Every structure is written in structure tokens, then in C-alpha cells.
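Chains as they are written, first to last, in the numbering used here: chain A, 1 to 154; chain B, 155 to 587.
Honestly, the hints are just simulated from the structure, not real lab data.
All of these numbers come straight from a predicted model, not from anything done at the bench.
Take every hint as true, because none was put in to throw you off.
Simulated DEER-style distance windows between Cβ atoms:
#: 1; chain 1: B; residue 1: Glu450; chain 2: A; residue 2: Pro71; range: 50 to 56 Å
#: 2; chain 1: B; residue 1: Lys186; chain 2: A; residue 2: Leu150; range: 49 to 55 Å
#: 3; chain 1: B; residue 1: Val285; chain 2: A; residue 2: His12; range: 23 to 29 Å
#: 4; chain 1: B; residue 1: Glu506; chain 2: A; residue 2: Glu56; range: 23 to 29 Å
#: 5; chain 1: B; residue 1: Gly301; chain 2: A; residue 2: Glu35; range: 37 to 43 Å
#: 6; chain 1: B; residue 1: Val285; chain 2: A; residue 2: Arg34; range: 19 to 25 Å
#: 7; chain 1: A; residue 1: Glu56; chain 2: B; residue 2: Ala463; range: 45 to 51 Å
#: 8; chain 1: B; residue 1: Ser273; chain 2: A; residue 2: Gly112; range: 43 to 49 Å
#: 9; chain 1: B; residue 1: Gly541; chain 2: A; residue 2: Ser19; range: 30 to 36 Å
#: 10; chain 1: B; residue 1: Trp510; chain 2: A; residue 2: Phe98; range: 24 to 30 Å
#: 11; chain 1: A; residue 1: Thr109; chain 2: B; residue 2: Pro231; range: 46 to 52 Å
Only pairs whose alpha carbons sit at most 16 Å apart, straight line, appear in this in silico EDC-like list of lysine to aspartate or glutamate:
#: 12; chain 1: B; residue 1: Lys284; chain 2: A; residue 2: Asp134
#: 13; chain 1: A; residue 1: Lys29; chain 2: B; residue 2: Glu338
#: 14; chain 1: B; residue 1: Lys385; chain 2: B; residue 2: Asp202
#: 15; chain 1: B; residue 1: Lys340; chain 2: A; residue 2: Glu56
#: 16; chain 1: B; residue 1: Lys284; chain 2: A; residue 2: Asp136
Using N, Cα and C, we set each Cβ at its ideal position, and we do this for glycine too.
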Amino acid sequence: MLTAEEKHQIDHEISLVPSPKNACIEALKIVQQREGWVSDESLKDVAEYVGMSTAELDSVATFYNLIFRRPVGRHVILLCDSISCYVMGYEDIKEQLFNKLSIQYGQTTADGRFTLLPNCCLGTCDCAPALMIDNDLYRNLTVDQLDEILSKYT
Amino acid sequence: MEKPLTQHIVPGRKPLNLKEYEQVGGYASVRKVLKEMAPQEVQTLVKDSNLRGRGGAGFNTGLKWSFVPMGPEAAQPKYLVANADEMEPGTFKDRLLLEGNPHQLIEGMIVAAYAIEASISYVFLRWAYKVAAREITQAIQEAYAAGYLGKNILGSGFNLEMHLHTGVGRYMCGEETALLNALEGKRANPRAKPPFPQVSGLFGKPTIVNNVETLCNLPHIINNGAEWFKKLGLTEDAGTKLYGVSGRVKKPGCWELPMGTTIREILEEHAGGMQDGYLFRGLLPGGASTDFLVEEHLDLPMDYPSIQAAGSRMGTGTMIILDDQTCPVGFTLNLQHFFAQESCGFCTPCREGLPWVEKILLAIDKGEGKPEHLLTLDFHTKYLGPGNTFCALAPGAMEPLQSALKYFREDFERHIHEHHCPWSKSKVWQPSI
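Turn these sequences into a full structure, and let the hints steer you where they fit.
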């Protein structure tokens, strides 16, 4: 069920566009903000609210890599794997994260704390390698910074 | 040396707020166009300035605008969109402008919207630019409060609404028609052209999509004139350009320099040359989708015609350096993995061809390559080239591949003959999921 606050926010987005369907990505973002991801149930609620079939909305939701259609941990780590970070050695960071968190890409730690995803270019190539955790950007990364960075997130 | 775009940007300092921006002459161009110039005059001035699109295509901005239907008969509302999606790997120039001086972008957008008589505008910002999102949100609020946005701007009768839209990923959103689909709440597949967005764009209405750096140039062109702008460039291309360098150089970064500054000056004077222990082998001049240039090209001016004549594209003007300790096959594999992943899947050559290319490169990098693999890669560079796909993604992907096969072919052959990657005794780059 969409909350009253979510409906209020989605209504605002709908008011800016010609048809409610045009606000569907905004609506997915709003729902994801509360739950961290978009469940089948939420997808159905949003589809009904904006007047789309569930399949049509899912075709949009699954197109975009930052709409999560599977549950994620409390914090999402996005590690840049694009060319400048490749040249500057992001793979060492990747291996350390795999080891420290005991997960691979696409997985969530057993305690539900982190999900690790690869991500294309974060647009900070002069400070490669780089990663983002939630809304925080970390750049000029070295492996010995990782423990301190991870410890900020509970 | 004049640096109009970055003169008020101090890295690490908060951007100018509206009052501070006005004190250094901010929004003067809005006053000027609204009071003294007709929209067509703004178009002509910008066309004459030879401002070319800074997103990578390099099309004359004023000319692009001139295809928008004008006057009372034109379809309404018309839209102006700032393309702030900046997702070309290796590119980080618009971030500087977005975080460093958001009012300059808003001012440029008002000028552009006035020139095409648009009444609604969007900043399409990539999700990763969180600082930029905060600064732009605040700057838009300030601009509304000061009467630069909204109804009857400065008593002129001109109206303009402005919204910030943050994306949810995908490289395709940087392509202007795909961006419009994303703004409409659809999958970001590109659209067939014609009709061009100037005639039928966002929600089927006339629309212009301009890059952030392009828009930020407008206030300065309005204030100082077309001749001033042309004289900023060292070659036939006008203005200044944000150039960037990433990779194994001493001081990677982004600098505003006269258009036509040589690659060597950018690399050696501004980026400080190669790091100790690393040698230069090649570079992509303007992002992941541009052809390699090598040593012999270093004295070329970085402008649109010079780089094109050398068989590449200036693209976004942000270079990525290939050093001697990075495997050219691994480098190319990383790029092709990116393009294969980011293909929207709409047209067959791109959807099927790019993963094939990636698989072959992975085999070669692992030491499992066969001599005929190089021929398969060669034909992909033709069949995924311009004219064979629905949009420019796959042709862009083929640019670094075809030039890697040209300049570094011996390295590809060594992988195949020696059955391993000469740069790595045990480890091969594994593409992410």
C-alpha cells in the first residue's frame, strides 16, 4: 500500500507532466526511498496509481540500474569499474571488498548491512579509483582506507 | 588568459549564491536579451560565435536552435533541457560547472530558452552528482525568488519554469532522444530521427537539448559578443574548452584552456606529464567512445577539426591515458564490457555484436585467443559502425576498438601467440556481472 505521504509526493510529480504515466520513474524513486527497493507489491501499487499495467511499469523499472527490484542491504556500495578506475587499479579495492564483506557483486552481507554492486563511471576520473556508499562519494581510494570507510555505516 | 567559464569557481569553496553572483555581473545577459534582443537575434549571435556543442558532437549551437519552429503558430509549450547526464567514462568536466557555479548554468538556460521561446526547462542530472543536485536545487529556488524564473521575468512578459530531474542510471540517457524518453517516464531507448527533437521532442513538442558546458558559455557570448568568443580560441574553433586528463599522470584534473591548446601542453604542462615509472602509449581524446591517438598526434591542437582529421573525435575533451604498464587488450576489454552492458538492447547489431566483441576480447586476454579472432573483431568494427545501428552507441564503441587494433595490433597478436597476457602472469581482468 502506498502511504499518504507517498501519494502526496507522487501527485506532485504527476502535476508536472501531461499524463500520470510520465511520472512513473519519479514514483518508483519515491517508493524506493522508503523501502530501499521496489517489491512486486509496490510495483503493482505504483502501476495502478499511475495507470499502467504491471508489466509495462516493470519494463521501465528493470531498464534502470538504480531502481532495485531485489532487496538490498541498509547501505549500497557502488564501485566504479570503468576505464579510468581500471587504469588506476580499482581491482585491488574490489578484491579487498569481496574479502572483507565475504560477498561478491550483487550480493548482500549476511547481517544485511551492505550490498555491493559494480557501477559505471562515477564522473570523478581525476580522483580514481572511486566508490559511492549511499550518497557519499569516496575518491583516490587505497585499500588501507576501506576499514575506516566501512566503519561509518552500521 | 581569459577563463570565462571557471573564473568564479574555486574548488573546495561553496559556489556563489545569487547575490554574490549578481555582484560579479551575474544575470546581466538575461537582462540584456530580455530588454534589447529578439529571440532570433540571440540565435544569430550564438550562431555567429561558432559555439559548438560541448557534449561531444560539436554541432553549431545557434544552428541547432534555428530548426525550432518559432512565433505564435509554433506548438506549445516548447522545452529546453540541460543535458547534465555526463556518463561518458573518463568524463568529469560538467561536474566542475554544476558544483562550482550553478547560477551560471541557470543563466545560460534562461538565455537559451528565450532564444527558442521555450517556457519549460529541465536540468537532467545524473544521480551520482549529489553535491550538484543540492547546489542546483538551491540556485533554482534563489532564481525564482529573485524573479529570474517564473512568470513575466523582469517584467518582460517572458515566462520560464525550471525543474531538476535526477536520473536513475544508464549511459543511454546521455543520447538526447533517449534522454527525452527517460524524462517522459519511459525506457531510455533512442528515438528515430526524423522527426528531430527541435520539431517533436519532449512530449511531442519542440525541444532543444544542450550540454551543460555549452549552456554555460551563453551568458559570456551575450555579454561580450561573437567576435570576442571567436578570439578566445587558438584555432578556427571558438571559445575556451574544459579539458581533462585521467590515468597515470602526475596531476590528473580538469582545466579551462583556449580551444585548440595542443594535447602535449595539456598533458605535460597541466597534467604534469606521466607518473614516474610509467610511459605514455596512447590516449582516448574525449571519453570512452573516441579513437585512440598515439605519440605522433601529441602536437595536434585539441579542437574539433584537428582531432577529426587525425581519425578520432574530440568528444568531451576529457582524455584517458593508456600507459605502458596497462594491457591494451585489457583496456579495450574494459571499454567493450561497458558498452555491451549499456546497450539498450533495442537494435540487433548492438545487442548481439557488443557482447560477442567482449567475449572475444576476454578470450584473447585469457590467452585463449585464436588468430582468426582478430578478423572477427575487424568485421565487427565495420558492421557495428555508422549507418548499421539505430543510434551512435555501437559505432562509438567501435572507435576505440578499431584504433586499438590499428595501433596496438602487435600486443593483441602477442596475447594470441604466447597464450597469455604479457602484462599479467596470473591475473586477467574479469568483467563485472
